[in-house]
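Trainee: In case you want the letters, here they are:
Protein chains: 2
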Amino acid sequence: MPADQKTSPTPRDPDETRRRIQQAAFDLFVEKGFADVAMREIAERSGVTKSLIHHHFGSKDALWKSSKEAAFELYAENQRKDLMQATSSNSDLLRRGVINYFQFLKDHPEVVRLFSWSHLERDEYLGENDSELVRLGAARIREAQEAGIFRDDINPVHVITTFVITCTHWFAAHSHHGQWDGIGSDEDFLDDFLNIFMDGLKPQTAGSA
Amino acid sequence: MPADQKTSPTPRDPDETRRRIQQAAFDLFVEKGFADVAMREIAERSGVTKSLIHHHFGSKDALWKSSKEAAFELYAENQRKDLMQATSSNSDLLRRGVINYFQFLKDHPEVVRLFSWSHLERDEYLGENDSELVRLGAARIREAQEAGIFRDDINPVHVITTFVITCTHWFAAHSHHGQWDGIGSDEDFLDDFLNIFMDGLKPQTAGSA
DNA sequence: GCGCTAATTGACCGGTCGGCCAGTTTATTG
DNA sequence: CAATAAACTGGCCGACCGGTCAATTAGCGC
Chain Z
4 MPADQKTSPT
14 PRDPDETRRR
24 IQQAAFDLFV
34 EKGFADVAMR
44 EIAERSGVTK
54 SLIHHHFGSK
64 DALWKSSKEA
74 AFELYAENQR
84 KDLMQATSSN
94 SDLLRRGVIN
104 YFQFLKDHPE
114 VVRLFSWSHL
124 ERDEYLGEND
134 SELVRLGAAR
144 IREAQEAGIF
154 RDDINPVHVI
164 TTFVITCTHW
174 FAAHSHHGQW
184 DGIGSDEDFL
194 DDFLNIFMDG
204 LKPQTAGSA
Chain F
4 MPADQKTSPT
14 PRDPDETRRR
24 IQQAAFDLFV
34 EKGFADVAMR
44 EIAERSGVTK
54 SLIHHHFGSK
64 DALWKSSKEA
74 AFELYAENQR
84 KDLMQATSSN
94 SDLLRRGVIN
104 YFQFLKDHPE
114 VVRLFSWSHL
124 ERDEYLGEND
134 SELVRLGAAR
144 IREAQEAGIF
154 RDDINPVHVI
164 TTFVITCTHW
174 FAAHSHHGQW
184 DGIGSDEDFL
194 DDFLNIFMDG
204 LKPQTAGSA
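Protein sequence lines correspond, in order, to chains Z and F.
Quick note on the working numbering: the first sequence kicks off at 4 and runs consecutively.
Quick note on the working numbering: the second sequence kicks off at 4 and runs consecutively.
Errors might be hidden in some of the hints.
Note that the list lumps identical chains together, so a pair holds whenever it fits in one copy or between two copies.
[What the hints assert, rightly or not] Calculated lysine-lysine pairs in the PhoX-like style (CA-CA distance at most 20 Å, straight line):
id	residue 1	residue 2
1	53	63
2	84	63
3	63	35
4	109	84
5	205	84
6	35	53
7	35	71
8	84	68
9	63	205
10	68	53
No lab work stands behind these hints: they were computed from the structure.
Generate coordinates for the entire structure from the input sequences, incorporating the hints supplied.
Mentor: Listed below in structure tokens is the structure:
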């Protein structure tokens, strides 16, 4: 045959194929959620036949689960690193934790979105897995309370919850509320939030209303 | 009469029919989002044929839009009422606003969920509509800052954003994080959040870190 | 009563869904 | 160089998707 030989017909590489399928599925799930993604789309985007996806992953559900695992792995790795490296208890520790968490979410919007989909679909996978992280964080807060660094009339879990919620939802909300009049950049918001939050956590000087 | 006669074959009531379709659609959209709801389900749940839904609403999209409008109407009514009734600027005003907002979300979890779906689907309907409310709220904060009630080194919009985000996401997150070790009730969390938040908003006494 | 409009139905459309299966092609390996 | 397993393909399946349409039925003014 003339010029257009197929440059070695098909250099097979199952690992790479698997990876590309996984990636395509991940991107689509992040964008549209589980229900609105078709196997055909995943096949098309990864340049592979639908059958091959079933060969590698078995089902759409398995692919979805695999995507959640990938996202959670990213998330958990970051959080564990941050929680473990801390040795002493002081006010800056929490501040740095919040900044780190905030930055992670900013760098990984796809994780935020995938988690949101998963939660709305009443998936329990994430809730089961991150409770360990919350427990670790709450323990740190409690230490700081006992050391007199933070006020001790607050449930430590609620401190964690507040900052996790605020950071996460800031990014989840960012796209659609982005045009709110006078809203600032990510950094501006983080500054303001930290100022309120950290000052509100200071031990109170008795005579507060 | 012998119990099970059909009580006049079909007592037509188009308004009631419309209402039932609307309600069934709303409930299903809240539960599963737009993509995962089938017209056939809506028909079945409202005890009506699929064709009749098209007769009354035209299309699935129209039904979806109608659901969003209904949810937003509930939401906006509550918010407007709260923002309008305020006449003077003081610290308790914001506190009461937060409590009211929190209570509304607690009473209307379906609104929270529908908004979440809508946002994830990158719908701009809500963002366009609630910016007015945010502007009003931010103006109130600014007044309080100018009156020396709140610290003035914070962007008022970020104050609104923080409390809206936290309240909303508390309920959005509530179901899946409900089992976090040591997490408290809605009221406990609101108390703790308000304590941190309101104290953090107090004017700072110069020498703060 | 009569006729018109609107409510309501069931059958049906083309298209897409996730999944399956019977093959073909490639790499490995003995 | 066979033989075997795995990677990969195209075609097909029944189920379901949102939407349409012609036909029936009920309400309502005259």
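Trainee: Taking the hints in turn, state whether each one holds.
Mentor: Right, here's what the structure says about each hint:
In this homomeric assembly, residue 53 and residue 63 come within 20 Å of each other (Cα to Cα) only inside a single copy, at 11 Å, whereas the closest approach across copies is 28 Å. Within a single copy, residue 84 and residue 63 get their C-alpha atoms no closer than 32 Å, and across copies no closer than 46 Å, so neither meets the 20 Å cut-off. In this homomeric assembly, residue 63 and residue 35 come within 20 Å of each other (Cα to Cα) both inside a single copy, at 14 Å, and across copies, at 18 Å. Within a single copy, residue 109 and residue 84 get their C-alpha atoms as close as 17 Å, which meets the 20 Å cut-off; across copies the closest is 35 Å, which misses it.
In this assembly of identical chains, the alpha carbons of residue 205 and residue 84 never lie at most 20 Å apart, being 26 Å within a copy and 34 Å across copies at closest. With identical chains, the CA atoms of residue 35 and residue 53 are at most 20 Å apart within one copy only, with a shortest distance of 19 Å there and 26 Å across copies. Both within a single protomer and between protomers do residue 35 and residue 71 lie at most 20 Å apart by alpha-carbon distance, with minima of 14 Å and 18 Å respectively. Within a single copy, residue 84 and residue 68 get their C-alpha atoms no closer than 24 Å, and across copies no closer than 44 Å, so neither meets the 20 Å cut-off.
When the C-alpha separation of residue 63 and residue 205 is checked against a cutoff of 20 Å, the pair qualifies neither within a copy, at 49 Å, nor between copies, at 52 Å. When the C-alpha separation of residue 68 and residue 53 is checked against a cutoff of 20 Å, the pair qualifies only within one copy, where the shortest distance is 18 Å, while the shortest distance between copies is 33 Å.
The structure fails to meet hints 2, 5, 8 and 9 from the earlier list, while all remaining hints are met.
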